[in-house]
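K.L.:
So you can see what is in the structure, the chains are spelled out below.
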Amino acid sequence: MRLRRSLTGWAFAGPATVFVLALSIFPSLWAFYLSRRNWDGISPSTSAGWSNYQRLVDDPQLRSAVTHTLVFTAIFVPVSIVLGLLLATALNRPIRFIAFYRTAIFVPFVASAAATGILANYVFSPQFGIANGMLRGLHLPPQQFLESDHQALLTLCLISLWGEVGFTVVIYLAALQDIPQNLVEAAAIDGASPLRTFWHIKVPHLAPVTVFASVWQTITALQLFDLVYTTTKGGPLGATQTVVYYVYYQAFQLTHYGYASAVAYILFGFTLLITIGVVLYSRRVQVEAF
Amino acid sequence: MALSLQRSTDAAVDGVTAKQPAGPRWRRRLPFSPWHLLLMPTALLFLLPLAQMILASFMSDQDLNRFPPRFFPRTLTLHGYTQLFDQSSIVRWLINSTIVSTVAVLSHLVLCSLAGYGFARLSFRGRTVGFFLMVSTIMIPTQLLMIPTFIMFAKVGLIDTLGAAIVPWLASAFGVFLMRQFFLSLPSELEDAARIDGCSSFGVLWRIVLPLAKPALATLTVFTLLGSWNDLVWPLIAISNEDHYTVQLGLANFQGARRTDWSLLMSGNVMATAPLLIAFLLAQRHFVATMSFSGLKS
Chain A
0 MRLRRSLTGW AFAGPATVFV LALSIFPSLW AFYLSRRNWD GISPSTSAGW SNYQRLVDDP
60 QLRSAVTHTL VFTAIFVPVS IVLGLLLATA LNRPIRFIAF YRTAIFVPFV ASAAATGILA
120 NYVFSPQFGI ANGMLRGLHL PPQQFLESDH QALLTLCLIS LWGEVGFTVV IYLAALQDIP
180 QNLVEAAAID GASPLRTFWH IKVPHLAPVT VFASVWQTIT ALQLFDLVYT TTKGGPLGAT
240 QTVVYYVYYQ AFQLTHYGYA SAVAYILFGF TLLITIGVVL YSRRVQVEAF
Chain B
0 MALSLQRSTD AAVDGVTAKQ PAGPRWRRRL PFSPWHLLLM PTALLFLLPL AQMILASFMS
60 DQDLNRFPPR FFPRTLTLHG YTQLFDQSSI VRWLINSTIV STVAVLSHLV LCSLAGYGFA
120 RLSFRGRTVG FFLMVSTIMI PTQLLMIPTF IMFAKVGLID TLGAAIVPWL ASAFGVFLMR
180 QFFLSLPSEL EDAARIDGCS SFGVLWRIVL PLAKPALATL TVFTLLGSWN DLVWPLIAIS
240 NEDHYTVQLG LANFQGARRT DWSLLMSGNV MATAPLLIAF LLAQRHFVAT MSFSGLKS
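Just so you know, the sequences run in chain order A and B.
Residue numbering for the first sequence follows numbering that gives the first Met the number 0, starting at 0 and increasing by one per position.
Residue numbering for the second sequence follows numbering that gives the first Met the number 0, starting at 0 and increasing by one per position.
Warning: the hint list may mix true and false statements.
Claimed, not checked - Between beta-carbon pairs, the in silico distance windows are:
# : chain 1 : residue 1 : chain 2 : residue 2 : range
1 : A       : Phe-197   : B       : Lys-213   : 32 to 38 Å
2 : A       : Met-133   : B       : Arg-73    : 18 to 24 Å
3 : A       : Ala-10    : B       : Leu-211   : 17 to 23 Å
Said to hold, decoys possible - Using 20 Å as the maximum straight-line C-alpha spacing, the simulated DMTMM-like pairs for lysine to aspartate or glutamate come out as follows:
# : chain 1 : residue 1 : chain 2 : residue 2
4 : B       : Lys-154   : A       : Asp-39
5 : B       : Lys-213   : B       : Asp-242
6 : B       : Lys-213   : B       : Glu-188
7 : A       : Lys-201   : A       : Asp-189
8 : A       : Lys-232   : B       : Glu-190
9 : A       : Lys-201   : A       : Glu-184
Claimed, not checked - Now the stretches of chain B that chain A is said to cover, found in silico as 3 or more residues with beta-carbon under 8 Å:
#  : stretch
10 : 32 to 42
11 : 76 to 82
12 : 213 to 220
13 : 264 to 270
Bear in mind the hints are in silico, worked out from the structure with no lab data behind them.
Backbone N, C-alpha and C fix where the C-beta goes; we use that ideal spot for every residue, glycine too.
Looking at chain A on its own, in the form it has when it is part of the complex (with noise of 0.2 Å):
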């Protein structure tokens, strides 16, 4: 009788758990084994001990690739978050044209990463793309955009907040409307201004949604590597190289498989660490967002 309902229960959770383990636990063991050995793909690999892992400790590309994501990642969180919360907030009233706006701010996220990266080429593009023609209206300069190497990962930061930032307007918008009305009714008979009462009664009962959203952007921005291959490339001069695109170069141009696992695993480690302490952080504060 256990072991039939041993088998049932397989039966219906064996198929997608041994498909989900097969292609993540697995590869993700052999990525381990792979980061200590050399190996082109062609020859028989030799046995590298930990020297890739100490290799990149003195890569000056690699640490460059480190800092550009770093930028990245500093300034798309807070902006993703902020701004979401502020346009899930507006979009939350009974305003006319409210169905155009939340339209209008979701659909970038339906576009591809390389539909998005591709559009972008041609929007900043710095001759016949709109941003210029719209600074040119304004009596700015025009700018170099995706084409310099100061303003190259600026750029995609904007162009990453435009087609993402859909995503956290939609969960802070959910949640905004999971706050009890009688709490805000409460709050402004009491005389509380709006302004108050957004910063005393909604923030706090959003402090789970913005633990959830801050891991999740954080994630994101880290991995970024479609809209770095259909815009940039990594460049120019090597600008806008992130990790990601560092791994996927090493890899799949210069087929150094092992120190490109190297790579993917220190940066593997480095999310794991982050994601571990920002739910201990919350958890310690006591907002259970996980």
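We have chain A; now place chain B onto it with these hints.
P.N.:
Okay, now just chain B, sitting in the frame of chain A:
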């Protein structure tokens, strides 16, 4: 957080009918809500690039290469589209992407519902460990899996086939987790009754539970569709034969050769984005509601 599934976002707007508080005098003098001052420019700014994409796809090269650039075309032409059809295998790529997404969605619906139900309602040996392992894989990022998966695919002969784009999308830990959470939120009395009447576990799932699970199945469909249609990484590393490109990979690589052929590239962009865009606009209300549902339940 309470599970509230079928709440459309607009219903809440009607519910919030809080009258605009009296507010300072300058505000009362405005003939419209001050929020429009934030939302109108933002909405236009968000739509502007998409509008330019669509307009540019119908522009002639003359209009496109004019300086300063024009936003509105003087003449409409299908030149970009005819070139696209002539010079690329866009139709082939669209068909490939359709195959990938269809298989991905169907397989997700079947495998994730089964596993989600198993983990939620059936008791069996190894259930806790299995579920824990499954969920912990959500943390493993794509870039860690790229290299070993590529090698695995090479070993089983999946490289350069459409299968390489499909296989990573057959099931996901996220999907199983989503379905399990939903099934747990359903009251179990109905299922118990059916079981007492002699219904098998599969019968209970098929006849009783799944008809109630439409919101969760819709969410799963939306996410799988978005993810599989827009995916670039897996096709990129595994497929090099143009006949097996997905539409995203096709466009990304086509761009390399046609760096500034904007009407051509924008036509391709429209073709690649239109299917999801139309689906989104048709099912918008449901789409946003399910997005918010799943965003919070993670």
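K.L.:
Hint by hint, which ones does this structure get wrong, listed from lowest number up?
P.N.:
Numbers 5, 8, 11, 12 - these are the hints that the structure violates, sorted from lowest upward.
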